[in-house]
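Visitor: Chains A and B, in that order, give the protein sequences. Counting from 1, one number per residue, gives the positions in the first sequence under my numbering. Counting from 145, one number per residue, gives the positions in the second sequence under my numbering.
No wet-lab data here; the hints were simulated from the structure. These figures come from a predicted structure and were not determined experimentally. Hints should not be assumed to be uniformly reliable.
Stated by the list, open to error - Straight-line distance between alpha carbons at most 25 Å, and here's what the computed DMTMM-like set of lysine to aspartate or glutamate pairs gives: (1) A/Lys43 <-> B/Glu535; (2) B/Lys156 <-> B/Glu167; (3) A/Lys74 <-> B/Asp488; (4) A/Lys33 <-> B/Glu535; (5) A/Lys19 <-> B/Glu167; (6) A/Lys12 <-> B/Asp457; (7) A/Lys112 <-> A/Asp46.
Listed here are the chains, written in short residue letters.
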Amino acid sequence: MLYSEKVMDHFKNPRNVGKMEDADGVGEVGNVKCGDIMKMYIKVRDGIIVDVKFNTFGCGSAIATSSMATEMIKGKSIEEALELSNKAVVEALDGLPPAKIHCSVLAEEAVKAAVKDYYDRNGIEYDKEQFCSGDCEHCCGHND
Amino acid sequence: MRIYADNAATTKISDGALRAMVECAQKYIGNPSSLHTSGQLAAEELYRCREKMASLLGANEAREIYFTSGGSEADNQAIFSTAYRFRSKGKTHIVSTAFEHHAVLHVLERLEKEGFEVTLVPVNEDGIVKVEDIERAITDKTCLVTVMAANNEIGTLQPIAEIGKLCREKGVLFHTDAVQAVGHVKINVEEMNIDLLSLSAHKFNGPRGVGALYARRGVILKNLIEGGAQERGKRAGTENLPAIVGMTAALEEAVASLDAHAQKLITLRDRLIAGLSEIPHSVLNGDKENRLPSNVNFCFEGIEGESLLLLLDDRGVEASSGSACTSGSLDPSHVLLAIGRPKDVAHGSLRLTLAVENTEEEVDYIIKNTREVVEYLRSISPVWEELEKGEREFIL
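Hey, can you work out the whole structure from these sequences and the hints?
Guide: Following this line, the structure appears as structure tokens:
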């Protein structure tokens with residue numbers, strides 16, 4: 001099979017899928033021309049991500065990595081969420097085919113983009129280097 | 145329910161072909177190159193197949209059929225042979241189309257690196273190449289025109305009889321990759337002025353790993369595989385007689401039932417097209433009429449093809465997609481891009497290729513489930529959300 005059982009489970013039964021009207025931070029990464037877009041919504045209380053939702057346009061692994069990433073940051077502090085690596089998402093899914101690693105990068109970037117939006121809305125200072133430049137060719141090219 | 149609707153990828157072997165293969169494997173134990181009785185009986189059986197294949201393709205002589213490992217090998221041999229033969233005469237230009245199979249396109253790319261000039265004629269939105277465009281592309285340096293008979297993704301039928309006539313008038317060799325067409329639509333190499341034709345057995349209910357190259361008498365082939373003198377010295381290696389017998393039996397069956405099958409398939413195909421067309425913001429890829437009886441190919445805006453494919457598989461429908469994720473590259477199908485679909489929508493393509501065993505109930509099941517899966521994927525798609533809110537413009 002192309003995908004692990006865990007990937008198929010998260011793809012077919014995605015956790016935290018949907019929109020959030022009153023989100024504290026919203027991040028969108030990817031490019032429709034590349035075939036993947038992830039949009040992530042977070043709700044933050046006292047520095048803790050109390051709720052998270054996502055919408056994804058993309059392949060099976062794009063949906064599965066989004067789902068897994070939301071599970072991994074829900075209930076965690078903002079700082080912990082920022083530490084979520086694409087590698088951790090891949091490991092939690094019992095691996096991804098090499099050509100799909102960029103989906104996990106996208107999931108990591110989607111979390112960061114949502115946090116960045118939360119920081120921007122609340123006037124919180126942060127290191128801009130830490131976040132996605134918006135150039136997805138950069139990630140796609142290097143992870144394929 | 146499990147519905148196999150990926151017959152352009154491969155077909156189920158027919159009972160008749162399988163029986164013929166088993167019988168052959170048991171009966172003809174000799175190597176056709178051996179001089180003893182068992183060998184010569186096998187050689188006779190091989191010749192019977194060659195003669196039969198020639199007659200089914202409308203060829204004049206059995207010797208014009210060369211058995212290969214399949215369509216890709218036949219494409220490679222046809223194109224490389226012609227290119228290398230004409231290079232010394234200064235004819236180093238090849239004309240083809242932008243939406244050929246990779247077994248043709250990648251050969252042409254390699255020839256370009258070796259100094260050949262290749263013109264890929266564009267195709268229109270209907271997925272049909274214009275004969276005038278081929279004519280305009282031909283120069284006095286052109287040695288070969290290679291145009292597929294039917295496109296493997298969108299099923300559109302190309303005007304190969306007209307292109308054959310044109311090439312004959314211009315004195316240029318004409319090759320057609322007829323892998324998707326043979327056994328499904330009428331092909332006659334003599335009437336259509338085809339000089340070289342590639343075919344593959346497993347696309348018409350024959351076995352995998354076997355195909356043939358038709359090369360008109362006088363068209364000289366160059367070996368891809370050196371060794372023994374099999375296939376008139378043009379393709380070394382002991383002939384896979386059971387597979388060749390299976391292919392011949394399958395093509396005989398396919399040609400005999402071609403009209404009846406086409407009629408049934410067209411009814412199913414058009415029912416499927418009508419049903420899927422009702423899904424908003426979708427489009428049929430390729431001309432509605434001028435396409436293989438089995439082929440349906442759609443783009444659905446706001447979703448991605450691989451996830452559609454996997455969710456349909458989960459509901460028992462087996463199809464394929466031209467999305468980047470299924471092609472293993474970042475770009476979606478070169479065929480869909482060639483007919484002018486923007487990348488945004490080319491990612492959301494679905495190919496369903498039917499077989500005569502499919503039923504109307506199955507077609508209705510496919511329609512219902514495709515509609516549901518497309519709706520679901522749109523409901524979780526940020527692209528669809530933007531389209532609906534007017535933040536992004538609908539393409540379809």
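Visitor: Are there hints from earlier that the structure breaks, and if so, what are their numbers?
Guide: 3 and 5
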